[in-house]
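Engineer: Per my numbering, the very first residue in the sequence shown carries number 237; after that it's consecutive.
Simulated from the structure, these hints should not be mistaken for laboratory data. Ideal Cβ placement from N, Cα and C applies to all residues, glycine included. Please note that a few of the clues may not be correct.
[Unchecked claim] Pair ranges (Cβ atoms, derived):
#1 509 <-> 429: 54 to 60 Å
#2 631 <-> 437: 43 to 49 Å
#3 633 <-> 394: 53 to 59 Å
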Amino acid sequence: MNVAALQKADKTTFELGDTWYVVSTDWLIQLLQHAYQPEQHPAPGPVTNERLLDDDHHISKPNLMFKRDYRAVCSQVWELFIQHYGSTISIAVQTKEHVNMPDQWKIVVDLPTCAGVAPPKSLSIALVPHVHTVKCNRRVSVCDTPGKFREREIVRVVGATGEEVDRIVWWRRRRRLGEDHAGSSRDDADLDMWERIPGCAGATQYVIRPEESEHLVRAQYVYRKSKSEQVVEGGGAESGEAEENLMLSNIVGPCEESGPMIHEIHVIGAPVIGGVLVADVDYWGGTEGASTYQWTRVKKGIRTKTKIESIDWSRHRKFDARTLEELRKKGVNDVIRVEDVQTTTENVQTTTVFDDPRCHVITEDDVDSMFKVSCTPLKQDGLVGEPKTSRPTKAVAK
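Please work from the sequences and hints to get the whole structure.
Structural biologist: Spelled out as structure tokens, the structure:
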């Protein structure tokens, strides 16, 4: 967030007719730390006011203190917070006096109302039973202990959730010392220590990611009945407020890293003289170590293999998401040039595609040859997975 924009929108005078918003002090501290030291502190994520409210998020917790537990910001600043970070709950105050009177706060779940769909009676999540396929690393560690909450396994909501599936929200938190297994939602009803998992809102199943290692996972169903529905049912009409229900699932985990394996491997880049072929590898299994690569050339029925070489992360570049996206757009039909993958490492050592085992530069001697590449995954802790080989390229044209 732009600090200058925040300072410009901020004001200190509570005028008649204004609406201000309560914000957790802890969240504001995270925001300011990120604003002034972004290299050391990550972005704070959605505004987390849940810690100020009871388990059902209907009323405020007792003994809250202004400044210690919360602050109040004007509507212009709140709009900036929502624009940049979002929030599931807003707490509005209509007068300056109400800032210090939590019983006068207006608590609103910032979601659209349901359309005649009743919430589930309970919410539960479980691991999808694992099915062995040709992609499984049967002899190492991905499949040796079925039923583990491991990277790339799937957790899904059990039972019906009605038509309002977009109300499922997923959360994670790091396992505490000595916490060997998950408990029920009653064991940890406060979401204050939980982090909302981005990019999966509304999904009834969730694929465990590498960053969930040593984390517990849970789901949340957020239901809000409209005022018109309450009038029809004869309840809540006088208050004019929507009935809210935030339901938490059981807790699963802790999640583990999988063993090292190659999910998919492809060769990208058109096979033309002067072009570069690049091994595009989808690695699973925690932090990758010195995985090995070997290229095979097939020319007139004769196979020639390069020597097996390892990735050296002190010299070779880890292709970031943007670089990979640009290379993948080229696919197998566009030429990848040397300058597209040339890099300088953080130690300011220049490396070239000629000594990067993931790359092969095509020469005139490669005319009429097809190429494929093999990768043997290696985890940072030394565990070795099974090698996997790509499909061959088209023959290099003259």
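Engineer: A separate judgement is required for each hint: does it hold in the structure or not?
Structural biologist: Verification of the supplied hints:
The beta-carbon spacing between residue 509 and residue 429, approximately 58 Å, falls within the hinted interval of 54 to 60 Å. Taking 43 to 49 Å as the suggested C-beta distance range, the pair residue 631 and residue 437 conforms, at roughly 47 Å. Restraint check, residue 633 to residue 394: a C-beta distance of roughly 55 Å satisfies the suggested window 53 to 59 Å.
The structure meets every hint from the earlier list without exception.
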